[in-house]
Amino acid sequence: MSIKNDVILRLENITKEFPGVLALDRVSLEVKQGEVHVLLGENGAGKSTLMKILCGVYKKDGGKIFIDNKEVTINGVKDAEKLGIGIIHQEFNLLPFRDIAQNIYLGKEPRKNLKLVDVIDRSVMYKKCRELLDSLEININEYALVKDLGVAQKQMVEIAKALSSEVKILIMDEPTATLTKNEIDKLFNIILQLKAKGVSIIYISHRLEEIKIIGDRVTVLRDGKYIGTVEVCDTSTDELVKMMVGRKIENLYTRTYNKIGKEALRVEGLTLNKRIRDVSFKIHEGEIVGFYGLVGAGRTEVAKTVFGEYKPDKGSIYVFGRKLSKLTPTEAVKNKIGLLPEDRKEEGLNIKMSVKQNIVQASLKKVFPSGILKEELELEISKKYIKELNIATPDAHKIVKNLSGGNQQKVVLAKWLLTESDIIIFDEPTRGIDVGAKAEIYEIMDELAKKGRAIMMISSDIKEIMGLTDRIYVMYQGKIVAEFDHQNYNQEKIISFAIGKGEKHG
Amino acid sequence: GSKSQQANDASKSEKKKVVMILKNLVNPTWQAVKKGGEDAAAKLGVELTVLAPLKADNNEEQIRQVEDSITKKVDAIILVPADTKGIIPAVEKANAAGIPIINVNTKVGGGKTETFVAVENYDAASKVAEALAKKMGEKGKVIILEGKAGAQSAIDLKNGAVDTFKKYPNINVVASQTANWNRAEAMQVTQNLLQAHPDINAIFASNDEMAMGAVEAVNQAGLTGKIMIAGLDANKDAIQAIKEGKMTLTCDKKSYDQGYQGVEAAFKILNNEPVDERIVVETTIVDENNVDQYLQQ
Amino acid sequence: MASNNIKLLIKYARFFILILLFSGFSLLSPHFLTFQNQMNILAQAALLSMVSYGMTLAIVTGGIDLSMGSVLALSSCIAASFLKSGNIIGGILIGLIIGFLCGSINGLSITKIGLSPFIATYGMDWVARGLAYVYMGGTQIYGFSAVFRFLGSGQFLGVPALIYEMAIMTIVLVFVTYKTIYGRNIYATGSNKTATRLSGVNTDKIIISIYSINGLLSAIVGLLYISRLNAAEAVIGTDFTLNSIAATLIGGTPFSGGEGGVAQTFIGAVIMTLLTNGMNILGISSYWQNAVVGFVILFSLFIEKTGKVLSEKRFESVSKTSINA
Amino acid sequence: MVNLINSKNKFKKVPGILFGLLAVVCIFSITTPYFFTLNNFINILEQASILVIASFAMTLTILLGKIDMSIGSIMSLTGVVTGLMIHNGMPVWISVFLGVVAGALLGMFNGYLISYQGFDFWIVTFSSMGIIQSLALVITNGATVPGFGNDFRFLGDGSLFGLPVIVLIASGITILLVFLTLRTTFGSNVYSVGGSEQISKYAGINTEAIVFKTYILSGILAGIAGIVLASKVNSASPIAGSGYEFDAIAATLIGGTPFEGGRGGIVGTLIGALIIAILMNGLNLYGFTPPIQFTLIGFIIVLIIIIDVLNEKYKAKKWGK
Ligand SMILES: Nc1ncnc2c1ncn2[C@@H]1O[C@H](COP(=O)(O)OP(=O)(O)OP(=O)(O)O)[C@@H](O)[C@H]1O
Ligand SMILES: Nc1ncnc2c1ncn2[C@@H]1O[C@H](COP(=O)(O)OP(=O)(O)OP(=O)(O)O)[C@@H](O)[C@H]1O
Ligand SMILES: [Mg+2]
Ligand SMILES: [Mg+2]
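Line by line, the protein sequences give chains L, X, P and S.
Counting along the first sequence from 1, when you hit position 209 you're at 232 in this note's numbering, and nothing is skipped either side.
Counting along the second sequence from 1, when you hit position 137 you're at 268 in this note's numbering, and nothing is skipped either side.
Counting along the third sequence from 1, when you hit position 46 you're at 190 in this note's numbering, and nothing is skipped either side.
Counting along the fourth sequence from 1, when you hit position 60 you're at 54 in this note's numbering, and nothing is skipped either side.
Be careful, since some hints might not be right.
[Claimed, not checked] Below 25 angstroms or equal to it, Euclidean Cα-Cα: the simulated SDA-like pairs (lysine to any residue) are: (1) L/K368 <-> P/I325; (2) L/K220 <-> L/F89; (3) L/K105 <-> S/V18; (4) X/K367 <-> P/S429; (5) L/K248 <-> L/N425; (6) L/K389 <-> L/G338; (7) X/K377 <-> P/G298; (8) X/K243 <-> S/N144; (9) L/K101 <-> L/L155; (10) L/K375 <-> P/V453; (11) L/K424 <-> S/T201; (12) L/K191 <-> L/F211; (13) X/K204 <-> S/V18; (14) L/K93 <-> L/R240; (15) P/K337 <-> S/P27; (16) S/K195 <-> L/G107; (17) X/K272 <-> X/S307; (18) L/K424 <-> P/I325; (19) L/K349 <-> L/V318; (20) X/K377 <-> P/G302; (21) L/K421 <-> P/G451; (22) X/K258 <-> X/K243; (23) P/K452 <-> L/H420; (24) X/K399 <-> X/G242; (25) X/K148 <-> S/E202.
Keep in mind that the hints were calculated from the coordinates and are not lab data.
Please put together the full structure from these sequences, using the hints given.
Quick look at the structure:
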């Protein structure tokens, strides 16, 4: 791995302002040819904004961009493409009802040489697509529609999309957030190959352990300001965290193991048309129970079935020993079950509505005593949670759409804290969330367990799930294949069950 | 198999198949035409089907219905066109298929028709305007309520009224607005117009529906009896209103007779009996003088 | 201060247009600004606004209701036959029940079968209209008792009954939509149905109830309509659907759902009625009426956009100073 | 589980509503003697042609995730404009051309306000629906423009190779549009913008231009529909097109292009429009009066869609979603 020392990209004093937010304040950055340059920062630090400026999605308000020491103007996506800049966006950018090839070549379809209209050369497009997928070892049919793909498959398609044209600089904005170990390894291999070809990579991730594996240098942003650039090999994780959040995080995983109370949730023989099969488990008061598995293992289905969103074919659910007769989300909430869904924007939030309206949405009776709104009460309650959870928002009236990911997640969390639910299901609660916020969320979860709440935690992050839970159920292809107690946690073993290789027991 | 089946049908039923295509079936006028046609058909032993466009007064739909009737090989078509000119292509098609067309109420503007059972809207409107002008003492201010903007009959009725009023130098048409054949709109438009022209003497409405809307508006303004209101169609509630002195006059377009005579003419033509080129249905003005006679019906 | 004014301008853009039209017509015609005419306008706006409230509710939940005009016709026609026979209470009840049923069927086919609101209510539009025609067989029912007629054409203290009814309906609906749990859930459902359902709200119930309320509103308006006109027939109410969409849009409730509301629609309905009234008084050809309504809608869009651009500029400079400070 | 590894999933592109079409055809064939004849089929195609073209205009905008409520008014106006020009002595082909240009300009008006001004498409096209309708009434003073010579009537009423010209026009447009939507970058971009404007923008597609052009195309198609309609009925009424927008939306939705846009397409709409035309034809052949027709059409449309929706649900369930 030879890193050539030519600076290929230089950003100088980039400034960007959104109404009410100075997202970037004179940020500079230098990327060398063939390096993996990690961009680090809390939620809302401005990482994605900076990258969107670089790839022509946003226009900068000030500053200069140099490529190969020549100043360039990037006025649109096409400009960036011409300069050899490719990007994998933080959010999926795939059209669900178009097929893989159409998505990968979106806006740059191979054309036939006809004068009058641009006719797509379909045979070339599908052939090139097949070759691209093969070269990346992605085993999906190029005619498959994106809506039929799993999350991880979608992410791989995103990667293929970014690599479908010649790139000199490749931006990856949290590419691993939805991937599991296997695919992450595959991705890292691809990155190494690209590096070898001299492609520079700007890599954004909240998974600090990845930096050590893949990164060469790290630049840290905080509150839209440039903090510094360091070599990965000379810097410890603690130092990085300190740069990011401006303080030291003593202990990421806060967990006080409590005395376990009575059984809060019992699920027996849950089956949902082939997606989950005969799933049974229990969660007690004061317990955090983890569900680990590959993406697509069916954990979300279990969560949503327990919550009443999906109608099971078979199986029963008991809350404090009482069998639930009707399974709907409304009933679930009545029975004091809460769910932080995995897809915040689609399932967790009314993003058009304000912070306060979102916080009270699951406990409207509290701010509508006798059915009539008390605005002061609504404001007071939401202010309390904004303060308690440290939600970064100018005020309670702000529309949730404009908050950063971590803060959006905290709003969802506030919503369920307010309901004072006995059983709370966290589906990927820290996906795409910075360490600082993560630590806060872990603390809240621990706090809840201390208060005797029963918590079901779904996560694809093996470190976090092992660090936080009392017990872990491992799921594979819709079934629970193993159960571990925190005394006998063993990373290798858990993973081998998750990929279907564990020996038959548990 | 459909050919032989058709032959069977023909041999089984001696009855002649006649279709009657109306402008719409949402207005009492056409319901009366339908009733007249059905009564005649029952009496003469004709198999009558009545069609009308789903979108009221839709010309293109009427063309389709003529086409479908040709497909169905009917023996004669009784046609009340929504649009004088727009129906010509359909008439020509029927001509080509050798199916006789009996024109009723509104003149077909081209092609070959066997006869015209005539109650021209223009003439009827003129007659009403004439009668209204007489009652006004040939002087004063008038408001006209038009039918749906762009519809054939709306244009004919309006022109009939306007041309007639023009003949009287002391009669002044101070406003002419559409109320879309519609009672509620007529009420609203009248209310509004009364604000601008509180001193009008009469309202000419292109149908009784709108006239009744005007009656309500005038009534609410407390001007009943001070403003004359004329309509057309001789709907039941209009006649009642004339009786009560809320409305001045209307015109009996003899809708029932139109339908009846239309079918009768079709029957004659199919039996090779002669019919006149023009069968005139006399319209009658209904006012306080003859209203009792109508009320009894 | 200035930025506040601009914000007010955006928020009340529609209101300013109303005032503009009002002043314009007052200047152009001496007959416009009379007590009698203003009462006229409000009474005329009454029926439109009440139907439009229903349309607005459907649109706020992210749907649409194309069946209101026909349901209005069906329920009032059937009610009319009872009313005519002297059974006022029975007639009113029957009308309301039929409206409610039609609306509930809409709601059920949208939620339980999964039809798009457009298709479900479009189908209902055909069916209800068809049934109304079948029921009436082309006849009219006219001449209702004075008691029933008071509802739609009576006056109290010199003010038409319709205006009181509209006022009550407006106040009730504004209160319900802005101040109650149910209202909050209507907006939440319109803004993100999944998230709202996952917050424990029975969104199907909300949607079914909204369409049922629409049916009920249609029936109420139908009854007032036949009371006002003293006659019922199957054709009535055809224009209500498009006009109520227009009033909702002029008021500023977007089709994307979760925003806007009944109060805005009230302004929209008044603007529409005012336009017709003013144009009638000024003797502008009816051919122009649609165009004028269209231009007013587009004009309000431009005002809103200009206002937004201006306020964002102000906002930015304000925030800049605060950041530097 | 969908076979993501090696299905070419091409057959899935056949719209499910095709079965609805077949069902309607079968029922009418069995129950009415005059239905299942070549003549009647040609008759139906002829009757469907105008709705087909108008529905395509609607479908394109719905594919974008938007709508064009002004289609009916554009039809009225272009018919009237062409008619007036012919009567003022312009050569027929120039009049027709200018009529189409009028449609394009109106589409441009919509497209400009929606794409470059960023106004809501419902509000814009709803407003222009009223404005354009008024224009048609004003320039004709409300009166129908009367009949034309044979060269113009050829478009809507003539026949060529034993087929009605109007059917040939509709077929030609269908083929062109199928090609345009499924084989060209423009068509692909229309689907993409309908799928997500932001994603398309991020892919470097000039979404404003796509929206703008699509509305122009929609205006052109509505213009053609209006002109052909005027030719067919041999007169141009200023209200000839009113009401077509709702039928066109119905045809589009029945054909499987949902309001969200980004999927569905021309072929489905063709089937949807044919279903509507066949329903009206069949019910006329039965001789049902409007009241009954109203009720039946509502029921049947909803029924067809319900079956379609349930079928989708069933398929989804089978695949374990
Ligand atoms: N389109 C926008 N409109 C308004 N504000 C925005 C917009 N995009 C981003 N912001 C704001 O700009 C700031 C920087 O956001 P950005 O998405 O760049 O953060 P990030 O570092 O990528 O965070 P994360 O790790 O959560 O992805 C945040 O405060 C965010 O709320
Ligand atoms: N049979 C299938 N057909 C279509 N899509 C599938 C199928 N199986 C899985 N998927 C896709 O895989 C994704 C993940 O499935 P699921 O939510 O059950 O996994 P999970 O264990 O909860 O994983 P995670 O929570 O990490 O996403 C879903 O978005 C789903 O679309
Ligand atoms: Mg980001
Ligand atoms: Mg999941």
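Results for each hint:
Only pairs whose Cα atoms come within 25 angstroms are accepted, and L/K368 paired with P/I325 is accepted, the gap being roughly 23 angstroms. Restraint check: the Cα-Cα separation between L/K220 and L/F89 comes to about 21 angstroms, which is no more than 25 angstroms; the hinted pair holds. A C-alpha spacing of about 54 angstroms is found between L/K105 and S/V18, which places the hinted pair above 25 angstroms, so the restraint is violated. Proximity of X/K367 to P/S429 is assessed by CA-CA distance (about 31 angstroms); at most 25 angstroms being required, the pair is judged violated.
For the hint pairing L/K248 with L/N425, the CA-to-CA distance comes to about 19 angstroms; that is within 25 angstroms, so the pair holds. Pair hint L/K389 plus L/G338 does not hold up; C-alpha atoms about 33 angstroms apart against a cutoff of 25 angstroms. Taking the CA atoms of X/K377 and P/G298, the gap is about 18 angstroms. The hint holds against a cut of 25 angstroms. Distance restraint check for X/K243 and S/N144: the Cα-Cα separation of roughly 18 angstroms lies within the 25 angstroms cut-off, and the hinted pair is therefore satisfied.
The suggested pairing of L/K101 with L/L155 holds, with an alpha-carbon distance near 21 angstroms, which does not exceed 25 angstroms. Between the alpha carbons of L/K375 and P/V453 the distance comes to roughly 20 angstroms, so the proposed pair stays at or under 25 angstroms and holds. Using a Cα cut-off of 25 angstroms, the hinted pair L/K424 and S/T201 holds, with the two alpha carbons roughly 22 angstroms apart. The hinted pair formed by L/K191 and L/F211 meets the criterion: a straight-line CA distance of about 17 angstroms does not exceed 25 angstroms.
This hinted pair checks out: X/K204 and S/V18 have alpha carbons roughly 22 angstroms apart, not beyond 25 angstroms. Taken as a hint, the L/K93 and L/R240 pair is honoured in the structure, with Cα atoms around 23 angstroms apart against an allowance of 25 angstroms. At most 25 angstroms may separate the alpha-carbon atoms for a hinted pair to count; P/K337 and S/P27 exceed this at roughly 49 angstroms. Between S/K195 and L/G107, the direct Cα distance comes to roughly 18 angstroms. Compliance with the 25 angstroms bound is thereby established for this hinted pair.
Taken as a hint, the X/K272 and X/S307 pair is honoured in the structure, with Cα atoms around 12 angstroms apart against an allowance of 25 angstroms. A C-alpha spacing of about 23 angstroms is found between L/K424 and P/I325, which places the hinted pair at or below 25 angstroms, so the restraint holds. About 29 angstroms separates the Cα atoms of L/K349 and L/V318, which puts this hinted pair outside 25 angstroms; it is violated. Note on X/K377 and P/G302: the hinted pairing holds, with a Cα-Cα distance of about 22 angstroms set against a maximum of 25 angstroms.
Among the hinted pairs, L/K421 with P/G451 is consistent with the structure: their alpha-carbon atoms are about 20 angstroms apart, no more than 25 angstroms. With a CA separation close to 28 angstroms, the supplied pair X/K258 and X/K243 exceeds the 25 angstroms bound. Straight-line distance between C-alpha atoms of P/K452 and L/H420 comes to about 18 angstroms, which keeps the hinted pair within the 25 angstroms bound. With a CA separation close to 21 angstroms, the supplied pair X/K399 and X/G242 stays within the 25 angstroms bound.
Of the pairs offered as hints, the one joining X/K148 and S/E202 is violated, with about 58 angstroms between alpha carbons and a cut-off of 25 angstroms exceeded.
When held up to the earlier numbered hints, the structure conflicts with 3, 4, 6, 15, 19, 22, 25 and fits the remainder.
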